[in-house]
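There are 4 protein chains.
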Amino acid sequence: MSKIRIISVIGGNRCSDETAKIAQEIGKNIAKLGLILACGGLGGVMEAAAKGAKENGGATIGILPGESKKDANPYIDIAIPTGLGLARNTLVVRIADLIIALPGEYGTLSEISFAMIFNKIVINLSNWDIEGTYRVKTVEEAIRQLKKELRIV
Amino acid sequence: MSKIRIISVIGGNRCSDETAKIAQEIGKNIAKLGLILACGGLGGVMEAAAKGAKENGGATIGILPGESKKDANPYIDIAIPTGLGLARNTLVVRIADLIIALPGEYGTLSEISFAMIFNKIVINLSNWDIEGTYRVKTVEEAIRQLKKELRIV
Amino acid sequence: MSKIRIISVIGGNRCSDETAKIAQEIGKNIAKLGLILACGGLGGVMEAAAKGAKENGGATIGILPGESKKDANPYIDIAIPTGLGLARNTLVVRIADLIIALPGEYGTLSEISFAMIFNKIVINLSNWDIEGTYRVKTVEEAIRQLKKELRIV
Amino acid sequence: MSKIRIISVIGGNRCSDETAKIAQEIGKNIAKLGLILACGGLGGVMEAAAKGAKENGGATIGILPGESKKDANPYIDIAIPTGLGLARNTLVVRIADLIIALPGEYGTLSEISFAMIFNKIVINLSNWDIEGTYRVKTVEEAIRQLKKELRIV
Chain A
5 MSKIRIISVI
15 GGNRCSDETA
25 KIAQEIGKNI
35 AKLGLILACG
45 GLGGVMEAAA
55 KGAKENGGAT
65 IGILPGESKK
75 DANPYIDIAI
85 PTGLGLARNT
95 LVVRIADLII
105 ALPGEYGTLS
115 EISFAMIFNK
125 IVINLSNWDI
135 EGTYRVKTVE
145 EAIRQLKKEL
155 RIV
Chain B
5 MSKIRIISVI
15 GGNRCSDETA
25 KIAQEIGKNI
35 AKLGLILACG
45 GLGGVMEAAA
55 KGAKENGGAT
65 IGILPGESKK
75 DANPYIDIAI
85 PTGLGLARNT
95 LVVRIADLII
105 ALPGEYGTLS
115 EISFAMIFNK
125 IVINLSNWDI
135 EGTYRVKTVE
145 EAIRQLKKEL
155 RIV
Chain C
5 MSKIRIISVI
15 GGNRCSDETA
25 KIAQEIGKNI
35 AKLGLILACG
45 GLGGVMEAAA
55 KGAKENGGAT
65 IGILPGESKK
75 DANPYIDIAI
85 PTGLGLARNT
95 LVVRIADLII
105 ALPGEYGTLS
115 EISFAMIFNK
125 IVINLSNWDI
135 EGTYRVKTVE
145 EAIRQLKKEL
155 RIV
Chain D
5 MSKIRIISVI
15 GGNRCSDETA
25 KIAQEIGKNI
35 AKLGLILACG
45 GLGGVMEAAA
55 KGAKENGGAT
65 IGILPGESKK
75 DANPYIDIAI
85 PTGLGLARNT
95 LVVRIADLII
105 ALPGEYGTLS
115 EISFAMIFNK
125 IVINLSNWDI
135 EGTYRVKTVE
145 EAIRQLKKEL
155 RIV
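Here the protein sequences come in this chain order: A, B, C and D.
Counting along the first sequence from 1, when you hit position 80 you're at 84 in the working numbering, and nothing is skipped either side.
Counting along the second sequence from 1, when you hit position 88 you're at 92 in the working numbering, and nothing is skipped either side.
Counting along the third sequence from 1, when you hit position 111 you're at 115 in the working numbering, and nothing is skipped either side.
Counting along the fourth sequence from 1, when you hit position 82 you're at 86 in the working numbering, and nothing is skipped either side.
Honestly, I wouldn't trust all of these hints.
[As the list claims (entries may be wrong)] Distance condition first, Cα-Cα at most 20 Å in a straight line; then the derived EDC-like pairs of lysine to aspartate or glutamate: (1) D:K73 <-> A:E71; (2) C:K124 <-> B:E71; (3) A:K74 <-> D:D101; (4) A:K36 <-> A:D81; (5) D:K124 <-> A:E153; (6) C:K55 <-> C:E29.
Everything labelled a hint here was simulated from the structure, so no lab data went into it.
Could you put together the complete structure from these sequences and hints?
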């Protein structure tokens, strides 16, 4: 089986400048570790994280709710227009070997829920304090935990 | 458009006897109000609620994750084997004119999340304390609120 | 398990008057046999078949591609707005105990394909001549075959 | 928007040695043109095409019906375990900028149907003679047509 590992970054379609900065930093780290970044392909956290990855030589996947690749933000390499509406949230989770949650709304909460159901590790920098996720407070802590979980030395 | 109104009851696939009793009572009330009960079609809260509806002359719909109608609990009239796995949770929410949440795990949380995204009213008797839901403590309170929301006099 | 049996009628979202007449006749027969009619919930064959069922005391289910119950034609009792786009075609097939195919385009062909994959009986009055379906030429022949398949005497 | 272009190769989960050879040759050509190969991720045509791409330095995506990345054939780089069952066929089509159809059964037919609905070009080497597809007889002809459609000089 493929050795390529995918990290899904989940979070709001809109976000504060501060959250965007964090998302971009997360994306940058994912790229630098040679991991692929997946996300919902739209704006806010998804766009900032993809930007951070692309600016650092990473590859990005955007799993879109709509029917057009054009819905993807400009930093998505592989756009998957599912046409499934919000049911695509299950795919953002299923594709991931590990998930990093940033601040978001109910969509993000649905993705954290599915991650828990599918027994995926969620490194949680979000506003949703859900039991079973791995709570961290900084990007550094998140990346340290990610490396530990994926046994990256 | 159809005048038939559908109430989705969401909650755990396993549940305590106490929760089952509450679910059954909710199902009974839904049936007595001439509403259709929808649910995820499986056990626990879903089965108890469907039982309560069927024993009181109601009609029930079970939206199943798997591929076989046989997965449905014995109180489901219309079994919909979606084959979509947990993505079927979006359908349990989308079919509903109103949702009643009983205790459950992450699947229930995903459904509450989708209900918030789709602007559905959630009358919340569950363990998940999510902003935007209508918190109640008893079956009576839940049904009173349901009647108010649906303008049933 | 539920004894309620569901017949899905598939066919074009637009259709000729002649096809509409046949669809209506099929819907009427489904209703008179005490079976539930399911369809894609939209216009053309779906609407004519649902009309035929409703005018004869039957019950109808419409499995819609979009997010709104309002997309359903006026003869649908239970509207299921899946939000899944054309992936909903799998559900129109999965819900059925037997399928009747009327003239339609590629959507109808996709449904016939899924019916073959899921080992469903397709009584075929459509323009698609697909191996594995049961070819008939008249409504009478279709209903005779339906009764035989479902062991209705 | 991304300049990466994706070709979906569709066809049976089992296939003859002759078809496997053709699929492998198609995969090889896709890789050599710098295009990404997508497929349903399983055996038969999907495996042979992915093998052909991987052996020639290409990248491959497998959109799986099940819940596990382990279902993917050994030549898949990015495995997407959708958990959607056969509804995943819509995604194999939606991800593609162009589709090449090889011999297959009803699943292949469902994908050709969706391709026609979504207005995708299908270069057709399959056993399904469907109007609207572009019929070719050899790999050379298929690749020539692919290059023409994608304006590759």
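Hint-by-hint comparison with the structure:
At most 20 Å may separate the alpha-carbon atoms for a hinted pair to count; D:K73 and A:E71 exceed this at roughly 24 Å. The straight-line distance between the Cα atoms of C:K124 and B:E71 is roughly 13 Å, inside the 20 Å bound, and the hint therefore holds. A hinted pair counts as satisfied when its Cα atoms are at most 20 Å apart, and A:K74 with D:D101 qualifies at roughly 12 Å. Simply put, A:K36 and A:D81 have alpha-carbon atoms about 17 Å apart, close enough for the 20 Å limit, and the pair holds.
About 41 Å separates the Cα atoms of D:K124 and A:E153, which puts this hinted pair outside 20 Å; it is violated. Proposed proximity of C:K55 and C:E29 is supported: the alpha carbons are some 9 Å apart, at most 20 Å.
The structure is inconsistent with the numbered hints 1 and 5, although it conforms to all the rest.
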